[in-house]
Amino acid sequence: MIFDWNVVTYAAPLLAHGVVMTLQVSAVAAVLALVIGIVAGLASLSASHPLRGVVRLYVEFVRGTPLLIQIFLVFFALPVVGVRFSEFWAGVVALSFNAGAYISEVVRGTVGAVEKGQSEAAMSIGMTRQGALIWVLLPQAWRPMIPALTNDLITLTKNSSLLSVISVYELTRAGQAIIATHFAPFEIYLLLALYYWGLISALAWASRRIEKALPQW
Amino acid sequence: MVNLLEARGITKRFGARTVLDGVDLLVRERETVVIIGASGSGKTTLLRCLNRLETPDAGSTRIADVTLGQRSDGRTADERELARQRTLFGFVFQRFNLFPHLTALRNVALGPRRVLGVTPREAERRAAAELTRLGLADHLHKRPSQLSGGQQQRVAIARALAMDPRVMLFDEPTSALDPELVQEVLDAMRQLAAEGMTMVVVTHEMRFARHAADRVLFMADGRIVEEGPPTDLFSAPRDARLQRFLRHLEPTS
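Protein sequences appear in the order of chains G and R. When the letters of the first sequence are read in order and numbered with this note's numbering, they come out as residues 2 to 218. When the letters of the second sequence are read in order and numbered with this note's numbering, they come out as residues 37 to 289.
Incorrect hints may have been included.
Here are a few chain R residues that sit away from chain G, every Cβ distance over 10 Å (derived from the structure) [as the list claims (entries may be wrong)]:
no.	residue
1	Asn87
2	His137
3	Val154
4	Arg195
5	His240
Each computed DSSO-like pair below joins lysine-lysine, with the alpha-carbon atoms no more than 30 Å apart [what the hints assert, rightly or not]:
no.	chain 1	residue 1	chain 2	residue 2
6	G	Lys117	G	Lys159
7	G	Lys213	R	Lys178
8	G	Lys213	G	Lys117
9	G	Lys159	R	Lys178
The set of hints was computed from the structure by calculation and includes no laboratory data. In this text the structure is predicted, and so the values were computed from the model without any measurement. Cβ coordinates follow ideal geometry from the N, Cα and C atoms, glycine included.
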């Protein structure tokens, strides 16, 4: 087999458009997922039984069903009941809903692992459970949270390739379009793999920087 | 004289074990009460039941007309209300339990800021005043990890005082300290007592009990088995367990 460098030089800039979309959809979904995950994670540590129950149901649903099904539910099933998103926003919703559940477990684990004396000290100065979580426990959990959080955001970014099935023109979809016209699966899929690898490496590098920058005591 | 603090029938079980067996504790305003006893006798649990860090299985705590866990109309207090009632007590932990991510100043200001809702400026002003009072004016902006154990415990005392409590509870406040750092904490406590703070102190420091306490209680097996002024209790202990306890503390003189 001959490696076709022409198709590579042709595809590389085209795929850059896909990269931009992958970055956009992943970044928006990541921000939303972090918000969902932190709120849900703290809720699962709260004093409220019903609240904890709701979060548990949410986490079990997400973990118990494939992401592809969740994407289809958002894009094809929700419109049936009148909730309609564009391809982009359906992707963002599905990805953040999915990652939010995993992140909430990370938050529950790390915030819950802060030494018990800390929440007692917070209580002793009159804080409620909620106050203790927000002002005392969560701030101490940021740094230990970073490695697991990075994993979840990496997964989210890679999962965005599944959005190609609902025609979000992200990296994978862009690659498939080129393959359809030029029939160079070997070169293009290899190129896609390299692009994703580059993206994820950048993410991992940024994560290490952030972890180092966060204060220790 | 009226009791500022009245705990009655405090009972606490951990599984099948009864740690506190219907303890009554009455404390007058400005009084310093020291609780002594062997480990496992229930001293710490009693203290934690007073401010509801631990929920007692039976019994009630009344402090300055407030019954903990109860609203003024007699109904059960919700979490927010109980948290507010808890501020009637200041609590000092054996292991300080300072917030490691905050400076000394922020440690002390956090309660006023987030619980009492005063402005950040006012909270920090109050915190600086408390820390200065405890001789920590030079350490306002240090993190707990940059302070000695004795300094950390004094920050913890300041943190409790900043909430303007009616009664201060001390749970073995010097047990985690290096010997040479014990005195500065005891001095701070003694000064506090001299200023008229009402205090309940669980401690193994018999010298503090002797010299600073108005009254000493001896606990064994989840009960208060003997109490009295320190001179009586230490020179003429009646209960056999107390006699044994004191002998162990001061071996062969």
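**Report entry** Restraint status (C-alpha distance of lysine 159 of chain G to lysine 178 of chain R at most 30 Å)
**Finding:** Between lysine 159 of chain G and lysine 178 of chain R the Cα gap is close to 43 Å, so the pair fails against 30 Å, i.e. violated.
Query - Distance rule for arginine 195 of chain R, whose beta carbon must clear each one in chain G by more than 10 Å - result: Non-interface label on arginine 195 of chain R violated, nearest chain G Cβ at 6 Å vs cutoff 10 Å.
Query raised in the report: Taken at face value, is the distance from the CA of lysine 117 of chain G to the CA of lysine 213 of chain G at most 30 Å?
Result: holds (26 Å)
Query raised in the report: Since histidine 137 of chain R was said not to touch the interface, does its Cβ keep a gap of more than 10 Å from each Cβ of chain G?
Result: violated (5 Å)
Requested in this report: Take a quick look at whether lysine 117 of chain G and lysine 159 of chain G sit within 30 Å of each other, Cα to Cα.
Outcome: violated (36 Å)
**Report entry** Holds or violated: lysine 213 of chain G to lysine 178 of chain R, with C-alpha atoms at most 30 Å apart
**Finding:** holds (21 Å)
Requested in this report: Could you let me know if the closest chain G CB is still more than 10 Å away from the CB of valine 154 of chain R?
Outcome: With a cut-off of 10 Å, valine 154 of chain R remains clear of chain G, as the shortest Cβ separation is near 13 Å.
Query raised in the report: Does asparagine 87 of chain R sit more than 10 Å from chain G, CB to CB?
Result: violated (7 Å)
Query raised in the report: Minimum Cβ separation between histidine 240 of chain R and chain G greater than 10 Å?
Result: holds (20 Å)
Hint violations for this structure: numbers 1, 2, 4, 6, 9, all remaining hints satisfied.
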